[in-house]
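Each protein sequence line maps, in turn, to chains A and B.
So the first sequence is numbered by full-length UniProt numbering: it starts at 1 and just counts up by one.
So the second sequence is numbered by full-length UniProt numbering: it starts at 1 and just counts up by one.
Be aware that one or more of the hints could be misleading.
The list treats identical chains as interchangeable, and a pair is accepted whether it falls inside one copy or across any two copies.
Below, computed lysine to aspartate or glutamate pairings styled on EDC-like, alpha-carbon distance capped at 16 Å [stated by the list, open to error]:
(1) 137 - 647
(2) 508 - 317
(3) 507 - 493
(4) 52 - 474
(5) 635 - 228
Everything labelled a hint here was simulated from the structure, so no lab data went into it.
For reference, the chains in residue letters:
There are 2 protein chains.
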Amino acid sequence: MSQENVTPDLARERSKATFDVENLAEFMIGGRDRLKRKRFLQNIAIQDPFFKKQKSWSFCSVEEQYDMGLSKSIYIQKKLQEMGITDMQEAFYYRECAAAHENSPLGLHYAMFLPTINKQATPEQKKKWLPLAENYKMIGTYAQTELGHGTFIRGLETTATYDPKTKEFILDSPTLTSKKYWPGCLGKTSNHCVVMAQLYTQGKSHGPHMFMVQIRSMEDHSVLPGIEVGVIGNKFGYGTNDNGFLSFDKLRIPRENMLMRYSQVHEDGTYVKPQNAKLAYGSMVLIRSSIVSDAARGLAQACVISIRYSAVRRQTEAYPGGEEPQILDYQTQQYRLFPLLASAYSLQLAGKYVFNTYLEVNDQIEKGNLESMPELHALSAGLKAFSTYEASAGIEVCRICCGGHGYSQASGLPKIYVDVVPGCTYEGENTVMMLQTARYLMKCYSRAKQGQKLPGFVQYIGQNLNKKSCMSEEVALGCLVMAYEHRAARLVEAAAMRMQSLIQGGKKQHEAWNGSSVQLFWAAKAHCHLFCVKNFVDAIQAKSLSSKTVTVMKSVCQLYGVHGILENLGEFMQDGFFSGEQVGYLQRKMLALFENIRPNAVALVDAFDYPDMVLGSCLGRYDGQVYQALYDYAKSAPMNQTEIHIDNPMSYVDNPVSYVDKPMSYDRQVEQYR
Amino acid sequence: MSQENVTPDLARERSKATFDVENLAEFMIGGRDRLKRKRFLQNIAIQDPFFKKQKSWSFCSVEEQYDMGLSKSIYIQKKLQEMGITDMQEAFYYRECAAAHENSPLGLHYAMFLPTINKQATPEQKKKWLPLAENYKMIGTYAQTELGHGTFIRGLETTATYDPKTKEFILDSPTLTSKKYWPGCLGKTSNHCVVMAQLYTQGKSHGPHMFMVQIRSMEDHSVLPGIEVGVIGNKFGYGTNDNGFLSFDKLRIPRENMLMRYSQVHEDGTYVKPQNAKLAYGSMVLIRSSIVSDAARGLAQACVISIRYSAVRRQTEAYPGGEEPQILDYQTQQYRLFPLLASAYSLQLAGKYVFNTYLEVNDQIEKGNLESMPELHALSAGLKAFSTYEASAGIEVCRICCGGHGYSQASGLPKIYVDVVPGCTYEGENTVMMLQTARYLMKCYSRAKQGQKLPGFVQYIGQNLNKKSCMSEEVALGCLVMAYEHRAARLVEAAAMRMQSLIQGGKKQHEAWNGSSVQLFWAAKAHCHLFCVKNFVDAIQAKSLSSKTVTVMKSVCQLYGVHGILENLGEFMQDGFFSGEQVGYLQRKMLALFENIRPNAVALVDAFDYPDMVLGSCLGRYDGQVYQALYDYAKSAPMNQTEIHIDNPMSYVDNPVSYVDKPMSYDRQVEQYR
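Just chain A, with the same shape it has in the complex (with noise of 0.2 Å):
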């Protein structure tokens, strides 16, 4: 990036690094030509002028970021398709750029409605279907979730009731519960859509299934009889996609509209089922990697900021009369923002991992061979859980760390939360992913006891629990790893034994298991933790990387291990794993890694190579002019473009400015409150 206009202290935190930062750029990206494309790509979104003028999105209303949201993607589809980009990672990375954190009204037609008709329909419906949405005529989106049913997708209520008669399914919303709501892009832009319904023929209900429902006309987009479908109002963030409720009334579809590639039924209603329940797993697991990796660049983007504007922030001189410090230099900033830093690297090489082996494991499935498939199931769960609280909580920290300005939406990292935040709650809410986690650790552990050998990363279930840490002052990484294998391998065997003992005391089995779930989800979120460590560092054992790269990676990999520890000491400590002395050797180590990273801070975080333009930030700028940028910012409000506002807000006395609408939706209660 260019140095013209740096400021001082970016420039001095720069040249004080003790490694190359394109070496580490190209290690975490993977490969220097994927560096210089990604680079490539993003420059051009930087140097569009469409992009340039646009308003910023802070100042616009929902319905402005929608529309913006969506002539951008348009935009950016046609883009693409003049580049000839087809590289699914390729049109990522322009992307990233050219709408950040924006959530596209046409995301979930290119990402869930085309893949689902290519992995569930027949060739016949491909062949129907396919070439009209390449083209757009159907615009589609995939709607799942109800008002009352979001995780457990066997309590979905939309039924599709099979009638021979007409050779029709009779699709509907039974109750106010089973109305279609959240799905994103359905509010407005979409004219069909896969629904998801219980399927019923002769009598029988047969679970899920998937159908293609047109909602709107193809020629002038009005709502089509039978349906209703709207936006859901406004979200924490979200603004740019409309997220949409819908409901069916008796709505009549052609038999060939259920998607029949696994499951048919035929004309007749006699209902076939799919040969095997399990190849669904594979696009759960796509989807909760790539969630993973979401997670992480959040993250990663936040510490940017807030350790590039705690390099230029100054505050308190250290003593009278002194200069104020950088405040990147003060231990208590140290020591919220490098452990997120760690946890940024770590979460990042941890979603590379999984995206790899389920590239892997996909193709072994392709050749019918499903073996690796559950352990790699039970981690991108319980992964997904794991990254997206740490992100989501890293990330505030990393806004509280900017002090007030961090409030500000120029500072970019509100923007970035509530992007990443509902990634704790959709694909799979957090809870029950590290409980599927736990489900497979438990089945892992009662085949340790019978002398199984556990497949890969799992093996350290059933190990000896009598050890004690090797930890010494050095604290290698050999011993972090051993001190996260036994606290994994004590929680799962904690969880198993508190579910053995409610079983043995008379409880059901179902009842045991949630007598127990506080403890499953410890050993669940242990397995994790002990994954990406394990991860971090066998990651930083990578030829590519030089040796002085290596030295820094290790200290940030220590302070990962180091760090997850004392947070988490009573787990390490309540059987005497650590003794007191072992836990001042890793007090003290974590407090010396910080002087460690210090001088390379800056350094590391430029090394995630993110533009401004991605980061969309006035204090996280790569030339840290933070205070002009976030003067143009204040400057550029609208409402800074008439000197007054209203000459006399006095004058609101007499005549109250009311913006009447529909009531509010609590009134009928607060009508009888007393």
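With chain A's structure known, arrange chain B on it following the hints.
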């Protein structure tokens, strides 16, 4: 509240309660009469058609939010006058309901401008300004924070230089970073401002002082020459408030505009310094104690919403074919919500204590006795930080516990969050606050080591650290308090030892302080945590509580203590204070307490006595009709008032929508990117 329309689930929850909700509600608010009066006042707001017809804030643009905020604020003030309400607490009850979680554009006129005149102005100045301010001819705010300067007041750059020739002060903003930035109510509303500026007279600097500055005409509200003022742009929340920037170009104001009650500048430029600089502490304590209560209230409201919703929401059959349980029956949900419920009680009680103690200490100060001030000042600083951290993080957990729906503005939770979380950074950044507390603790420690007796609550410092915990399976409250005392005493000592060893190793005092500041932070946090536990234990001994209420509150108090230990277990175990066996008692007790509290969970949140209008939540409604409310909210969204938003989204291909505005603030950097 009306029992009509209450869902069977919530009705059953309420009928199961083992204590009288009214008894607890009266205790929390401070007596039956006050509870009745609060309800009376809030009912007036609830039934007022003016508030009822307002558009939901979440569908308003920022400009509309500001207008509505101003209009409401003035309406409220008029009503309070009509009702003859002058008591601050009573006005608060009415406002809390009439403009829930809205930060009035006139808020600082009442909360800072008028009180500052009252406290800092001379009798002559008061006589001149108060009538104008009370009649809204002068509308004012208080401007301290600058673009480059926040918590550290001595770093402010705005100057006020006395010119004896004209008997004027020259106000100037010599740098970009000296511009005032963030003051509330400044951008558009105020025509006057109390400005904090560095006083220079007779060639000498005398530090920051306050000056009354007119910034806009009292006739037509136009901006006066020499002044630049505007809003700072959009924020995470605070949409109703016109937080602004302000700078001076050698603006001349009369000498009489310096607020001269405590320090003066004579006509010839002679400076007279104040007699006692510590008098200003009082109002800081007051503000910080009110932030503790604000944070506690936010967390309590989030708990009401999340716990009521968890009693209505059902998910995932526990066993095949079984009914989907209320999500409040899941142990993991209890694990997330019940400790927060306990925190909400604890923080409310802590806020009450600090406020009441402030009133006592304030009386003593008026009598010239400053003795109790340092302890209270240290406690209020730390508690401000402790409570805002705990409450903010807790509100987000409550939100995430509502699953996807928590992310909708209809849940009311995002608004509560963005209203509470800036408390972490305003009125003293939290880390700085904690370290202020730590500074006091270090003084106490060295006094204790010199054998001096410490005042009241800090007597635990310097105690013998060789004891072991008395914890048994019953988990007596006394053993909980002892554990927190031990932990705080140990961490205070550890921080002091670290300081000492760094100084002995040759570090300067301020380097040693910084190099110990993580441990100082831990010590201060432990001190505040101990206070909250101890104060909770003391509070539930109150005579006004019935024995049934005490039984329930004892469980809540135990949970607060037990959960806090388990969350910070390492700090209680590092020196062997707890044995592994005792930790087992605590873990089992926590799970048992969840079962104890479960039947009373809804009643415990009802006892906070927030009417629906205060909560502003579709999910937290007293009647539990959450799905109808969510659907109504969706239907009322402005985008649903037309069937078709754009008839052919694809037409944007050729005609992209652009909301062209000022270029984005990071443009300059972006253009130069490689």
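Cross-check of the supplied hints:
{"no.": "1", "hint": "137 - 647", "verdict": "between (51 Å within a copy, 12 Å between copies)"}
{"no.": "2", "hint": "508 - 317", "verdict": "between (63 Å within a copy, 14 Å between copies)"}
{"no.": "3", "hint": "507 - 493", "verdict": "neither (19 Å within a copy, 47 Å between copies)"}
{"no.": "4", "hint": "52 - 474", "verdict": "neither (51 Å within a copy, 66 Å between copies)"}
{"no.": "5", "hint": "635 - 228", "verdict": "between (43 Å within a copy, 11 Å between copies)"}
When each numbered hint is compared with the structure, violations occur for hints 3, 4.
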